[in-house]
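Protein chains in written order, with my numbering: chain A, 1 to 368; chain B, 1 to 368; chain C, 1 to 368; chain D, 1 to 368.
It cannot be assumed that every hint is accurate.
[Claimed, not checked] Partial list, derived from the structure: chain C residues whose beta carbon lies under 8 angstroms from chain B:
no.: 1; residue: Ser3
no.: 2; residue: Gly16
no.: 3; residue: Pro21
no.: 4; residue: Gly24
no.: 5; residue: Asp28
no.: 6; residue: Gly33
no.: 7; residue: Tyr72
no.: 8; residue: Thr79
no.: 9; residue: Gly82
[To be verified] Just some of the chain A residues that point at chain B, by a computed CB distance under 8 angstroms:
no.: 10; residue: Gly105
no.: 11; residue: His113
no.: 12; residue: Pro299
Quick caveat, the hints were computed from the structure, so don't treat them as lab data.
The beta-carbon is built from N, C-alpha and C at its ideal position, and this holds for glycine as well.
4 protein chains.
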Amino acid sequence: MASNTFGKLFAVTTFGESHGPAIGCVIDGCPPGLAIAPEDFAGDLSRRATGKSRHTSQRREADEVEILSGVYEGRTTGTPIGLLIRNTDARSKDYDAIAAQFRPGHADYTYWHKYGIRDPRGGGRSSARETTMRVAAGVIARKWLAERHGVRIQGFVSQIGERRLECVPERIDALGDVEGNPFFWPDAAQVPALEAAMDALRKSGESAGARVEVIAEGVPPGWGEPVYGKLDAELAAALMGINAAKGVEIGAGFESVAQPGSVHRDRMDPGGFASNHAGGVLGGISSGQAVRCSVAFKPTSSLRLPVAGLDVDGQVVDIVTTGRHDPCVGIRAVPICEAMVALVLMDQALRHRAQCGDVGAMSPRVPG
Amino acid sequence: MASNTFGKLFAVTTFGESHGPAIGCVIDGCPPGLAIAPEDFAGDLSRRATGKSRHTSQRREADEVEILSGVYEGRTTGTPIGLLIRNTDARSKDYDAIAAQFRPGHADYTYWHKYGIRDPRGGGRSSARETTMRVAAGVIARKWLAERHGVRIQGFVSQIGERRLECVPERIDALGDVEGNPFFWPDAAQVPALEAAMDALRKSGESAGARVEVIAEGVPPGWGEPVYGKLDAELAAALMGINAAKGVEIGAGFESVAQPGSVHRDRMDPGGFASNHAGGVLGGISSGQAVRCSVAFKPTSSLRLPVAGLDVDGQVVDIVTTGRHDPCVGIRAVPICEAMVALVLMDQALRHRAQCGDVGAMSPRVPG
Amino acid sequence: MASNTFGKLFAVTTFGESHGPAIGCVIDGCPPGLAIAPEDFAGDLSRRATGKSRHTSQRREADEVEILSGVYEGRTTGTPIGLLIRNTDARSKDYDAIAAQFRPGHADYTYWHKYGIRDPRGGGRSSARETTMRVAAGVIARKWLAERHGVRIQGFVSQIGERRLECVPERIDALGDVEGNPFFWPDAAQVPALEAAMDALRKSGESAGARVEVIAEGVPPGWGEPVYGKLDAELAAALMGINAAKGVEIGAGFESVAQPGSVHRDRMDPGGFASNHAGGVLGGISSGQAVRCSVAFKPTSSLRLPVAGLDVDGQVVDIVTTGRHDPCVGIRAVPICEAMVALVLMDQALRHRAQCGDVGAMSPRVPG
Amino acid sequence: MASNTFGKLFAVTTFGESHGPAIGCVIDGCPPGLAIAPEDFAGDLSRRATGKSRHTSQRREADEVEILSGVYEGRTTGTPIGLLIRNTDARSKDYDAIAAQFRPGHADYTYWHKYGIRDPRGGGRSSARETTMRVAAGVIARKWLAERHGVRIQGFVSQIGERRLECVPERIDALGDVEGNPFFWPDAAQVPALEAAMDALRKSGESAGARVEVIAEGVPPGWGEPVYGKLDAELAAALMGINAAKGVEIGAGFESVAQPGSVHRDRMDPGGFASNHAGGVLGGISSGQAVRCSVAFKPTSSLRLPVAGLDVDGQVVDIVTTGRHDPCVGIRAVPICEAMVALVLMDQALRHRAQCGDVGAMSPRVPG
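All chains, full assembly: derive it from the sequences and hints.
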């Protein structure tokens, strides 16, 4: 119920501000017996981290995860897992100038109206710093999903600004060089051009949006709950809830509007489905096909280019944002999107076995 | 928590199958003192109903709402409101032929895998019949939102198949003829062409998708909860959870990917925001601007054109759907989308005043 | 979250007022494949019903359960089960006289202060009529618990007014004549005296309290969740939430205060526990022993003996309650207590298998 | 929903084991603008702490609270408040001997059956160490309740073993010396005898139970939600969920069973209620009277007196507990009970204003 908690059974509660002493999370409901070590987190946190290439914000956080509870002798015990990361490179002075101003396109204005008070340092709670803990929690979900069900989850970028991937892969095996460049871009041939475009963007002071896609393979049929806990609905919430997200698609998404029904519906052969316009979800329940989602990320509004905005007294002021920002925040959203997909699947997996049993899903007609 | 319940504080629980004896809902958490009468439901239910023009399914349901509880002498009492609608025009024989088959693009296959049992009559629980109760619950939410906060919510169709509205309005006042034609199409001049296109579609046995947009005006700044109860995230879940939805956008949506940051961010003047690419939500919290969402609906998969599918024994069979179906289900989704937006706003309104008080939202710096 | 919903995974939402058209409930999350028929409800509803002996209220309700959804060809489908019972013997005129008065010891006063409006007919929502639906939902829970886990649940009365059962049984097999008399009293020899005492009580216009105890056998070890979802904590809420309940005990309850630690702690032999002061729960988790609870029910405040009370204008008035009431409401609480225990166990059973798997509970050290 | 979270709107999630690196909590949903400083926690944490007199466990924890988030410039911001306390005096070696044994009366056996794995150090998650965070969270709740509504909450001990307080006060003003002795005992004259009894108990190796009572004054009428979110039901869950609790009463509790109805029901005069057998709750909603609860705590099972128990291989072994334990754990439960009452009231206060508004509760007939 609490709004800083994600998930019903695999419930992740996060806390922490961008420039506070620490960020952290509590993961409640994790199945017992799963092997977890501090070093498990390094990979995905590093993929999300800033300061690793010239194309991201230059804030450099060690992102060392301390496991505070819930793990004994290297295995989860079923009790809540507390994770903590100290903030070490928060430069609050960068933000002092705009503490009394509302940056356009930011949550400054709305937090102030909602709460009557806000922590302006680095965007406070509304900073993407919070997503670090989503990625950390996602690591645990992904591990269980992989070990127990063989689920694999991989994200990539298919559009940056106006530049699109020519052919969007529908399977993880087809994702090519995705982990070999700073843009999570499957097609290695396009990377040099992207590097140049990003350099130009950074120099211009502008920013660009991105489209991130995620494929989850190995999801068994039967996950998802009608009618308000549908798998696709929860994926939509999970992905739209990431900072800067403005749109979410499942499968063919908005393209399905122009598809004839005879084309959109995925024919079924003895070997399975002949296409995957549905994106692996039918009636809110996984079909056994790859689950495919796509997310639109807006260009960051934190630019050093001045813009007219308001201060807390309602006066129009010229606002310049001088903090360290990503010219294209969508790129680093890839591991966050993967994590959110993992958290949704993990939660649905547990909910499914609650109602239908461990075996039920696979053997029709056996009461759960 | 329960998956057939929508909302945390204004909690709507629905039940009922397409061809069962009745559908119904329980609305828990409604503020006391709101005037509600059975006839309040007629308007929106009629907008959603089938059988009213030749462009929708010919199933004709009276959709008479019986108020079973929670209203005394015409006013809500604060206790749960039970609503019931008897099904009167369910023709289950239409479906007997495919009880042992999985219709491609439908939930037949996934329900079967999830539960090992399913009610095949009219799609059972997965039928859009369930959305009738969403609309009924939405009527109550809309009434409270209008009376208490002056919120207005209006949906429309901006695309059917490949046919798009030329200029998509951003304000309710600009929606023109939207309620004057069976397509919720703002531009009256295009309606004759749409009529012809729909007639051709129906004759061909094909189906088309639709894009539905919703505008909510009068939403005060401050509604929405960081970080997992964001207004836009909950709108995304609410809308993606409607039958046949495949994509959701807030504000500029996927177009924001290609917008430069300096364009996307909405400048603030003393008179307010100069544009609304954000769609009325910043950092997951309403900004006071119009909340704008867009939803992609796939073409229905229930066609009389045959398609290869599986039966329960895993054999490939030719499947023909002969029931009564809409050639473009997205059109009737307009009042459903409005209702879901209303339910999200209502729930967020109550959650906001729980934490920040009735007055808090409007008077910054006063402790809640 | 909604306050008229009980349970997290086996979620029962009730609605309806004492003198409204109907009462009902929606049961969400029921495992699929369970055989349920309308006649399954008759037994427990009859045990709870009024009008069956001279010792209860003379209201006579048919209590015919209509299954509105969630059951297909006699088996649960996993979708929400809607149950409806029409009110047929509501005599609202009995209550007209006190519509503007607050009956002492009743919810009239508090509903009025909470909501500013109330349905005074028969106590409205605060009437014990609502508990009919708890019993109905409990029937389904008990059936699943019995079929799947062999759980048996039986309640009895161990005290009426000052009259106590001499020896309180700790096992169901020892409950003797409990179902053979209108008082759920295990010791048949005491029944004639109870009959006489109840007759005298009724004639005097007074009322008496009761202590109800419930034993649940066959509960496997491992159900219950630390630290705020403890089995005993949820039993306490479930039982204290029944109308007129004022106290709840688990196992030795308040007697444990005066027990030395060496006596209270239950020694473990190879054959199991040597005693059961714990009441089958250790650390909030079932131990495999019989779960034992005890509930105190106050005497009803609805007496024909006049009492000073307030009217809605704050004036002191003499209040006489002339409706049909039980002289000892606690007696009929037996099936309600059993139902609430069943609902708690059912919900915990599903939550346990969500986190630990179907097999996990029984085979330590196997990761869930 | 998560089982380590307490509360729906003022949601407290705790984590941490007795001998892990730290314990902590996240408080979500706190109203913004409340002044909170680290030193606010010292008072209640010290009242709960061990090692302060010879009558408690000799474990000495600094219990220094670090505020990790949610507070900016000394005031709550409305975002989640993370609190952390490092464990500094955990002596795990004390427990090594019994890592493979199940201490009777403890959660060892049930955790092992539930999860197949457990952290045996100091009882792990089942240790009362966890309650430190409840007290910390309760500090914030109490402060808001006091500042906003004038609510005062005070607990005391009314029975230790067989020794009872002669006259149990019903008002906070009558609690006399309760804060002046290590037993939270209102009657100073009895304290020397208690000291002697506790010394004898400690020397004997035995333990004793306690009855703790809590009075909350200033609770306005209207808090509590029918029918499954009743104030008394939630108090019962909150208090029964404290380690070692075996019984909970509201108002007259089990005594009400033997009270005639004409005595139990609290007469209403123009000046208010003439008595308070109800304990401040009618129909699950606060009546404006003092809320009174009573909790039974069992004697601790951790004795140095040997007892027959099982080891993980099912063999009977003699178990001696040599760790540092309280001879009467119930005494230190006083601030924990107060905290749980505060958390329940806080959550209900927010839920009430969500549905009925800030003003609604006090002015009947004004729609919320």
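Hint check:
1. Ser3: holds (7 angstroms)
2. Gly16: Hint holds; Gly16 (chain C) Cβ to chain B Cβ min 5 angstroms, cut 8 angstroms.
3. Pro21: Pro21 (chain C) check passes; min Cβ-Cβ to chain B is 6 angstroms, inside 8 angstroms.
4. Gly24: holds (6 angstroms)
5. Asp28: This interface hint holds because 4 angstroms falls under the 8 angstroms limit.
6. Gly33: Because about 6 angstroms separates Gly33 (chain C) from the closest Cβ in chain B, which is inside the 8 angstroms limit, the hint holds.
7. Tyr72: Holds, because the Cβ-Cβ distance from Tyr72 (chain C) to chain B comes to roughly 4 angstroms (cut-off 8 angstroms).
8. Thr79: Constraint on Thr79 (chain C) satisfied, holds at 4 angstroms.
9. Gly82: holds (4 angstroms)
10. Gly105: holds (3 angstroms)
11. His113: The hint holds - His113 (chain A) has a Cβ within 8 angstroms of chain B, the shortest such distance being about 4 angstroms.
12. Pro299: Holds, because the Cβ-Cβ distance from Pro299 (chain A) to chain B comes to roughly 4 angstroms (cut-off 8 angstroms).
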